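Protein chains: 4
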Amino acid sequence: MNSFGRIFRVHIFGESHGESVGIVIDGVPAGLPLTADDLLPDLERRKGGKQKGTTPRQEADYPFFKSGIFNNKATGAPITIFFENNNTRSGDYEKQRSFPRPGHADFVAHQKYGGNEDFRGGGHFSARLTTGLVAAGAIAKKMMPGVNIHAEVTEIGGEKDLELGLQKAIDAKDSVGGVVECRVSGLPATLGEPFFDSVESHIAHIAFAIPAVKGVEFGSGFAAAKMFGSQHNDAIENMEGKTSSNHAGGIVGGISNGNELVFRIAIKPTASTPKQQHSLNWETGNMEDFSIKGRHDLCVALRAPVILEAATAVALADLMLLEQRIQRVWK
Amino acid sequence: MNSFGRIFRVHIFGESHGESVGIVIDGVPAGLPLTADDLLPDLERRKGGKQKGTTPRQEADYPFFKSGIFNNKATGAPITIFFENNNTRSGDYEKQRSFPRPGHADFVAHQKYGGNEDFRGGGHFSARLTTGLVAAGAIAKKMMPGVNIHAEVTEIGGEKDLELGLQKAIDAKDSVGGVVECRVSGLPATLGEPFFDSVESHIAHIAFAIPAVKGVEFGSGFAAAKMFGSQHNDAIENMEGKTSSNHAGGIVGGISNGNELVFRIAIKPTASTPKQQHSLNWETGNMEDFSIKGRHDLCVALRAPVILEAATAVALADLMLLEQRIQRVWK
Amino acid sequence: MNSFGRIFRVHIFGESHGESVGIVIDGVPAGLPLTADDLLPDLERRKGGKQKGTTPRQEADYPFFKSGIFNNKATGAPITIFFENNNTRSGDYEKQRSFPRPGHADFVAHQKYGGNEDFRGGGHFSARLTTGLVAAGAIAKKMMPGVNIHAEVTEIGGEKDLELGLQKAIDAKDSVGGVVECRVSGLPATLGEPFFDSVESHIAHIAFAIPAVKGVEFGSGFAAAKMFGSQHNDAIENMEGKTSSNHAGGIVGGISNGNELVFRIAIKPTASTPKQQHSLNWETGNMEDFSIKGRHDLCVALRAPVILEAATAVALADLMLLEQRIQRVWK
Amino acid sequence: MNSFGRIFRVHIFGESHGESVGIVIDGVPAGLPLTADDLLPDLERRKGGKQKGTTPRQEADYPFFKSGIFNNKATGAPITIFFENNNTRSGDYEKQRSFPRPGHADFVAHQKYGGNEDFRGGGHFSARLTTGLVAAGAIAKKMMPGVNIHAEVTEIGGEKDLELGLQKAIDAKDSVGGVVECRVSGLPATLGEPFFDSVESHIAHIAFAIPAVKGVEFGSGFAAAKMFGSQHNDAIENMEGKTSSNHAGGIVGGISNGNELVFRIAIKPTASTPKQQHSLNWETGNMEDFSIKGRHDLCVALRAPVILEAATAVALADLMLLEQRIQRVWK
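Protein sequence lines correspond, in order, to chains A, B, C and D.
Reading the first sequence from the start, the letters are residues 1 to 331 in our numbering.
Reading the second sequence from the start, the letters are residues 1001 to 1331 in our numbering.
Reading the third sequence from the start, the letters are residues 2001 to 2331 in our numbering.
Reading the fourth sequence from the start, the letters are residues 3001 to 3331 in our numbering.
Among the clues, some could well be false.
Once the Cα atoms are required to be at most 30 Å apart in a straight line, the calculated DSS-like pairs of lysine-lysine come out as [said to hold, decoys possible]: (1) K173(A) <-> K331(A); (2) K2160(C) <-> K3160(D); (3) K2242(C) <-> K3293(D); (4) K3173(D) <-> K242(A); (5) K293(A) <-> K1173(B); (6) K1331(B) <-> K2275(C); (7) K52(A) <-> K293(A); (8) K2052(C) <-> K2160(C); (9) K1242(B) <-> K275(A); (10) K2275(C) <-> K3242(D); (11) K3052(D) <-> K3275(D); (12) K242(A) <-> K1173(B); (13) K331(A) <-> K160(A); (14) K242(A) <-> K1275(B).
Because the hints were derived from the structure by calculation, they are not lab data.
These figures come from a predicted structure and were not determined experimentally.
Turn these sequences into a full structure, and let the hints guide you.
Here it is in structure tokens:
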């Protein structure tokens, strides 16, 4: 459902154009120093409107702590973080309600919830909900001081030259997909649980929860499928397990091996393309031409790195607690 | 840990060269007709030694029901299935214990379990454990009579011509990777839960539990990252939600949309390549030459389709039960 | 942790003297009509200050829906309910911080959270958190229209005459314990899961989460331990399973049998007795005399019935969903 | 379902007259020395036929390790333990199938599983399944070397003089109930989680899974409901939290406080009384006289202490791991 994690547990809630979005975070070690300032840099990175190709919608995105913090430290009780939705223009969405937008959850949400879903701006399916995830990620990062998580866009529209990739989309007046790579250094070996809770399973589970993600690969990933064993195997160099190459992306047998964790996600083009589309009109029952209104990212991949970092941090913090690599009371 | 699922729950156990491997399956609807014959076809497909490029190790792989079956029907209580390990040659592994095998879990398992792990044949990390998963998958398939799950190898060593791909590896005397594609027809819309338990999350979680899987992509997957929105969006054709294309692979917003579910996994080359390797010797602390003994698949992807089908069936049966698409008592 | 339930899931948060308390409720069927008015009657019952023996602290206790409601119906997404804490007098607690109050969580919370806990008014351990539980219970009740849940105080201070029991405490200027009985009619048979998730297990789990509960018994309960089998066995009268007596309290083999569900909880005397106490002073390390300040219930059992009803409703709604006795979309 | 625990997880399976009963135990620290000899003393205590008032049915009850053990130590992988059912006389049960036995699960199991349940000897509802639980308990005890768990019968048929209580039943040719008390010394403070996973919740959950348990009370329990606060509060004597009395039974605010854990369970009389009964005949639809055949305990409470110890150990080991009081690799 809307929860993730075994010991470090997050519960997400909210709708794009409802009153708020937010998250409840259970399992933060008591004593962890924590203020809004710890969250703001990542929340700022998540915002659109700052760079070419992102939505002009701007929310203050200020994280209101509603529980779990006392004297600027985590108490050990659940931390609730709220974000108000102030800058919504639901009217845009009402108008196009007759068209379930291709690539969006409109049609499936209507089927699943019998028409009771909050459809405005994608409702509970909106990427706006990742605000809470980014907040949880910032806390998770702080729980793992020696661990460095960094994600970045490595490809837009098939181009490694990101500017070129983006300009292609701007010129085509179309949205475009991209690839985001995440690297984690300082991660200890022994994380991950057999059989079902491999590091790959745990990270992929939450990575696929990020809207628009359609692929996840670790280390050489799909390229590994084209390789010989003698090429792919990472020779072990020393008693600490350092490997001379890293085709495995830092995970062997589902367990972290102490080398850099490396993985990539494929992000589909923003479903809300500016282009005219031809699809079902719910009211007439026929396919008709229509255009998407509202403010949207041309390339959602551009906003994904900080979200992917957050998802990764949440997954790893849970595995770290499970493996007793984080104390439950902060010194 | 070694469990998967929320309502349809599987618990896996066993070691490659221990006494047995098996699985406990909770949540099978009472009344489902079930005998060993229902499991044997898929178990037969999982076995090696039948085709070029698979291990000559042969196990009878006969599924012994130890609980949960009465009068050839599921009782509603947990079903326990046992496979005996009769055909083991642990001596092969003892000899090479001084080398933690690159690409295998030897090194990480030793770190994680402090040297107490059963290392013979990979122990609990062995692909032999997928026997239980295949059994569970056969049961899950039977629980969903209208749903058809089919997986097949679509690429070996980068070649769509599988014979060619495999021959390349045989000629090179090396192991090789591959891609397996899975297609599911007859799946109802509305499966999957927001935010964290998307169909992609649920399937990827269990798919990454299959040994050697390093990538999972749905629909167009990584190719979607290279596309424009106008290319990727699947237009909706009618009130049932049929789409004119299927770049989404049957999942939008994390929810199944009633179209064919399509996804692929990347399988790395068998870590046990016949080629000589140069890696750490635990006893000397130095990197040295060595060769892998034992019986191994040249291309594990060849045995993966039925395992992937099983993983998919287990994940979908759980989502179907959660969405009340399967009755808990069989009529 | 702070979550309960498998399909109908509640996540509780907040502190007595923090900014708020509340709850996130996942798994409410889409379409369920829901407004604050549905919650207010039970919330009103939970409040103190209305009857002799309850705390004069008064909160407005108005439930603010922050997510999951659209057009006065549940959307199928998580419902977040907030209660503001307006009427706090933390100063009362600061003064007596040097004495970890006997019978309260002060000492254990300090040990568990290393002194980082929000100690004001019991913080996260306060009975104030049951406000959220009562709100969830009101929703759960509404999900089960044919099921009637009713709890009431049956004993105070050992007296069946409640007025007498309470007056004894008032006269003694002491707090006092009590017994609350809960009866559920209209409950279908077949609820509960073997082996570990019996109806008794599920209900007792959440009942013991209510502050001050020290015992739970079903049907004849502890009296059953004094009986012969021929006295205790409930003869079955007809094909619907109606029994001629109900010593089992409606549960046999852990499964509901369609008869009335009956159980009782023992509630200890309010730890905050008005009497002077002699216990550890943290600052001096010695036992010293002190008195509890603040506003407290003389008999918390008086406020417990609606909380116990809520806990019961939450547990039963989860079991009902699991047994597919509630549709996930409301018609 | 048939699983319990968050980190130390047990999965139970089997039927009374099927091929076997057993348990899968996940989360045992790697390196823990473990052989059948560690389990036999508790398994021996669980057996009937040794003392007056217990069933003459005798099983060898030898625990066969099927996974998770290597070189007489836990490997960190799931431990599977099997018990064969050799000494069954199902014929006894076939004959009385027309009468759903009062106090047994026959009727509810038939309703829940649509007649597909294994009804022989109670099937999956039989107390025979506690064999696996006792095995898991013995392992859990070994994981907590400083913790001493001891349970004993304190009352039979309302008599503190156990011989007297039992003789009353023998004379009456009837089965009889009893009370079992469990005491745990050496338990650290800080176990248990707010809000829902109090120590009481966790222990009561598994205690109510034991067949025939109808009540659970901690410390003074139901007697606390008759007390004044000044009587019930346990004064704290020193900085370690030692209390001068122990009405709380070692748990305050749901958290262990380092004092002795004390609780009791009420066990109903064995449902299979030797007395003639008058209840529904499924075949005729009428109430008729009948007598129970088979071998049964006159007082199941007599066999309960070791089962309750096991349940307690399993619950506490899980809380200890969660609180990081047990290392996941054994030194």
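Results for each hint:
no., hint, result
1, K173(A) <-> K331(A), "54 Å, violated"
2, K2160(C) <-> K3160(D), "26 Å, holds"
3, K2242(C) <-> K3293(D), "24 Å, holds"
4, K3173(D) <-> K242(A), "73 Å, violated"
5, K293(A) <-> K1173(B), "58 Å, violated"
6, K1331(B) <-> K2275(C), "64 Å, violated"
7, K52(A) <-> K293(A), "19 Å, holds"
8, K2052(C) <-> K2160(C), "17 Å, holds"
9, K1242(B) <-> K275(A), "21 Å, holds"
10, K2275(C) <-> K3242(D), "21 Å, holds"
11, K3052(D) <-> K3275(D), "18 Å, holds"
12, K242(A) <-> K1173(B), "27 Å, holds"
13, K331(A) <-> K160(A), "44 Å, violated"
14, K242(A) <-> K1275(B), "21 Å, holds"
Hint compliance for this structure: hints 1, 4, 5, 6, 13 are broken, all remaining hints hold.
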